[in-house]
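Engineer: Listed here are the chains, written in short residue letters.
Number of protein chains: 2
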Amino acid sequence: MSKGKYCLVTGGSGYIGSHTVVELCAAGYKCIVVDNLSNSSYESISRMEILTGQAIEFAQIDLCDSELLNKLFDDYEIDSVLHFAGLKAVGESSEVPLTYYFNNVVGTINLLNCMKSHGVRKLVFSSSATVYGDATRFENMIPIPETCPTGPTNPYGKTKLTIEDMMRDLHFSDNSFSFAILRYFNPIGAHPSGIIGEDPLGIPNNLLPFMAQVAVGRRKKLYVFGNDYDSVDGTPIRDYIHVVDLAKGHLAALEYLEHHPGVCREWNLGTGKGTTVLQMYTAFCAAIGSNLEYEITGRREGDVLNLTAKCDRATNELNWKAEHDVAKACVDLWKWTEDNPFGYQIKGTDAQFFGRAGDYSSRIVSLGKGTPFEVRIANVGGTIVDIVVNGSSVVTSLDNESEYKDCSNPYFGATVGPYANRISNGSFEIDGKKTELTLTEASNVCHSGINSYHTKKFLGPIVKNPEPHVWTADFLHVDEETELPAKLSTLVKYEVNSEKKTLTIEYESKVVGEGCTVANITNHTYFNLNKFNEPTIKGSKLQLVHNTGLEVNKKLIPTGNLTKFSEVATFNNEPTEITATNPVLDFCFVSGLPAKLDSRSSPLKTVFRLSNEEAKLQLEVATTEPTFQVYTGDYIHIQDKFESRAGICCEPGRYIDAINSSEWKSSVIVRENQTYGHRLAYIFKSLG
Amino acid sequence: MSKGKYCLVTGGSGYIGSHTVVELCAAGYKCIVVDNLSNSSYESISRMEILTGQAIEFAQIDLCDSELLNKLFDDYEIDSVLHFAGLKAVGESSEVPLTYYFNNVVGTINLLNCMKSHGVRKLVFSSSATVYGDATRFENMIPIPETCPTGPTNPYGKTKLTIEDMMRDLHFSDNSFSFAILRYFNPIGAHPSGIIGEDPLGIPNNLLPFMAQVAVGRRKKLYVFGNDYDSVDGTPIRDYIHVVDLAKGHLAALEYLEHHPGVCREWNLGTGKGTTVLQMYTAFCAAIGSNLEYEITGRREGDVLNLTAKCDRATNELNWKAEHDVAKACVDLWKWTEDNPFGYQIKGTDAQFFGRAGDYSSRIVSLGKGTPFEVRIANVGGTIVDIVVNGSSVVTSLDNESEYKDCSNPYFGATVGPYANRISNGSFEIDGKKTELTLTEASNVCHSGINSYHTKKFLGPIVKNPEPHVWTADFLHVDEETELPAKLSTLVKYEVNSEKKTLTIEYESKVVGEGCTVANITNHTYFNLNKFNEPTIKGSKLQLVHNTGLEVNKKLIPTGNLTKFSEVATFNNEPTEITATNPVLDFCFVSGLPAKLDSRSSPLKTVFRLSNEEAKLQLEVATTEPTFQVYTGDYIHIQDKFESRAGICCEPGRYIDAINSSEWKSSVIVRENQTYGHRLAYIFKSLG
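Taken in order, these protein sequences are the chains called A and B. In terms of the numbering used here, the first sequence opens at residue 1 and continues consecutively. In terms of the numbering used here, the second sequence opens at residue 1 and continues consecutively.
If you are wondering where the hints come from, they were derived from the structure by calculation, not from laboratory data. Worth double-checking, as some hints may not be accurate.
Said to hold, decoys possible - Here are a few chain A residues that sit away from chain B, every Cβ distance over 10 Å (derived from the structure):
no.	residue
1	S173
2	N390
3	G426
4	K457
Said to hold, decoys possible - Sample of chain A residues at the chain B side, in silico, Cβ under 10 Å:
no.	residue
5	S93
6	V96
7	L98
8	Y101
9	V105
10	V106
11	T108
12	L112
13	K116
14	P152
15	T159
16	T162
17	D165
18	D169
19	V214
20	V216
Yeah, the Cβ is synthetic: ideal placement off N, Cα and C, and Gly gets one too.
Sequences and hints are given; from them, build the entire structure.
Structural biologist: Dropping the structure here:
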């Protein structure tokens, strides 16, 4: 496959789809996922961006909407399709059969029509062993070969068979089509990273997710549907396959189609090994280290005794074989479940579109939503677009994505990087190798200049709720083009603690590939604690840990001397009241902490304290960095929008121009296998 | 079934659907037909209106358009559904399988969803014996019972089976649904009236229609697909069933559902008797009295050897049995084919909507379209809305349906009835029984008054093209409410001869049910031969057969004396030139023909001659009636639309107020078992 073309993954935000997308990305495929999100969450895509380190295109499209689907085929050069989308609950399918026929069959017809009209000829289809029905109705059909006559016993299985039939019929009418029909047995487990996994909405239909929910207390006990089957322990036998094995089976099938154009063929994807429900229960209990409560109830409509796969065809033809056993699957499922007890369905968070409605690549994620401390972060620049304390916004912010991307944006809420503050003459040398950057000031580069992160799309986030009142969102930025000597991969971890009203930010950067480069990353949020009553910081009070900082020359580059900014109070003194005109600060103070490449091991030290009596609010900024720039925002006037001094910044970071100082240089150079790190916290406190 | 509710017939304009609608109407069901007309013609519905004598509601809806379909279910109270709609060509289905799956499956899902949401619970489904596939793959499965395992061998059959499955699944999920799944064997033949039949667009897929087209010369010869099957003559065996038998099977099934709510069951509809292709060929040749050319070619993809039905289940449970043999079917097919060699696809005609777009109940049918003599007739009033001679319109006409229905319409192009011209005091006696009508003039009723036909919907038409240059359109009007002593059923037959530039109109009325009433029906077209150049009849020249007519009193009622209108020339004299003011005529001339109840046996006598030198055109009016009213249109001024004298009428008919004259009375009273009749002709001739 031409790597420039897309692999379209329908239902790619679902359980099996998402695991397959991860494998596709790892194998170098460029994926575009479509999903109607009716039974899945965009969060899986967002998380996969972090897991794979690459942007994953996504379009929320229902395959039943042929117009939108056609437009997608017009807009993207699609080379192959992996078709996972479909409703999949056996029990539900008997209750609302028309819904199943409509969604599954119509969606597929539309997809095939789009492929036909756009010259797309390869498709891997997510079929199911359910098409065989009860294979025990024949003699010697367990394990089930692909040649077993079909005979699905429920509407879900019938829709799968109808779709298979359509593909066979379409192939018969036009053998330029290639179809790999994969009949899954029972997919279980999760990605070993614990980042993605199965996230059923509502009551899980399948055994393992149900057990996992019992294990984390979301369900009271496990129900075993029938123990009067003809098996060792009376419970039905299934062939459970690790979802990552299954995902890899899709890659094998896709590769097969690439080398066998014009084929239309069915392959079982299973392990060949049957496990009863109670055996599975035992394996899962072993993985979690405790015994779950369970109850035997009556048989479930549509269930059959045994569905164990004969997998020789896949082994021989696709050169693929399941590698993991059910014990491993249980361990991985348990990691996923412990890390994400509610899957992707996390209380206290939500997301809105930031740019165009429906453009999932630009969203704002809210952490602590519904609590007295909410932080809203955009993918654009990993920008803090708002912090709402006790219901009031306390940061200076813009109205929409394009304003944030506009060159007049004075780094509101921005992640500043890869190199914050100034580089003298925009040039530096590492190991005798000189780098010259495009200047953005008279003689310097400030805040990375044209390489700046603040308008770039950040990948992710992974949002979690690791404990009550705590939400985390990890964003990733991977440099694409840069004037700097190497590319960085930067993880930005936001942690919101709504009880402590604290936002902690952590930066972690590594070089991508070979070489070394510079890093100095910080956050540039402007605060106005009394924004609701007063458009400027006038009336707030300020104290700093020290009022000593770096003396700079006329070009704003440190002279090497320290100087004192005695207009501003230290923590030992009465705070300085900020007026409409005083103090005017754009000054780099020292924190008293050492300069290290990875400062995260240093203690978080409070360096800045701002309070406002009218707002009854105090903000402290704590950092692990050696300096912090304080800027009273005197030059951020934007016509009809912001006055001067609309907000105040505290930007912890490395020494200004450290890269050109023999003393501080080592704190900003990131070499292969090294990690740049930095932590800071915004700590709010209600007053009186 | 409550007779007030509708039976929805999907695909009801198609072959089997239309024959079933006829049987449903005959059994007292009120039908609404929906069809996308993709493979059928509204003409079948139009014809069925005449055949059944009732209006048949029709909506052009594709079942795949769920919004329109839902609206239909909102608008009509539907009690049951007969579901015929679907693509049905086996061979084509292998070429464009997606089209088949989409149309057949999606259409049905939408239909079932509408039923579900609107509480409609009874459906009779048009399935097919094709769902069995090749039943000879089993031992002892011929004749095929309903218990034969399914296994369709082509996409068409698979869509039928998928739909059956959906119905069974829906029934399983909600057994308030009742489904009768009818598996047809091979429907053949046509309605014995020859009015409706099978009308395949393009090349027929089935044996009989193909043979019929060979018989009328539309195809060169018959192709027999394979003579190497294991049958007596090597050709495949089918169970051919007369379409009227099949239609009656649907009624039996519908009735069964009414008495067995909550059932979902399959029934074969066949004869139980197998016939080979060559046996069928022989039977058809016998019916037409000649041997058709045929050629044996290779087998056709998807065909199987034998599909003969075991019909016991239908016989026992539905109390239904096929009554006609293949010989009768061939005879009926041949009548249909001879009467309609091109089915409903008639050259030189078309139809436009007259009222709202999509409202098939109000159309204009064009006869002789594309020839030098075109007549356009609307369902509203059976009105002649235009006659176009040599490309120029020669009749005074209105712009749209609502103008024709407006009370200011001076009977332009109208069918005037049931009683044209005046009834003195609006009252009369028949057999001593007095009738009093609502007056429309000071002391008379004119042109039937509030009972007038000219704004009523006429049923039909049946359009035919019995010979080159000749088109006929038969409309039917059946009285609904009337002040007259009985209801009439009136057939209006238009015949357009484009070579002779002649429009002949024939009226034929009978009493509906019991009683007797009056009739005097005529056409009220206003002519202006030079309309293109001159908005009035000024400049045209007039001659009449006689210039003697009925003297009337001040109330415009005949005195019993004759009088002469000597301003107008007779055929023996130089024609009278019509000026802007003279002559002013609204006078009833005598034709010299006798007054009869059914005057059609009288010779057509030319009574009126109009010519125009500028238009180079002459019109003669011929009639079988004793009188003709000539009206120079002096009172038809409509503001901004028509001047006085915009057209001239010649309205042949019975004596004015005949019903109140002992001498003429018998010519206008229609008793049970009597027929009122009248013929007239408009004969145009190009001059110079």
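Engineer: Taking the hints in turn, state whether each one holds.
Structural biologist: Hint-by-hint comparison with the structure:
| no. | hint | result |
| --- | --- | --- |
| 1 | S173 | violated, 6 Å |
| 2 | N390 | holds, 48 Å |
| 3 | G426 | holds, 60 Å |
| 4 | K457 | holds, 37 Å |
| 5 | S93 | holds, 8 Å |
| 6 | V96 | holds, 7 Å |
| 7 | L98 | holds, 5 Å |
| 8 | Y101 | holds, 5 Å |
| 9 | V105 | holds, 6 Å |
| 10 | V106 | holds, 5 Å |
| 11 | T108 | holds, 9 Å |
| 12 | L112 | holds, 5 Å |
| 13 | K116 | holds, 7 Å |
| 14 | P152 | holds, 9 Å |
| 15 | T159 | holds, 9 Å |
| 16 | T162 | holds, 5 Å |
| 17 | D165 | holds, 5 Å |
| 18 | D169 | holds, 4 Å |
| 19 | V214 | violated, 29 Å |
| 20 | V216 | violated, 33 Å |
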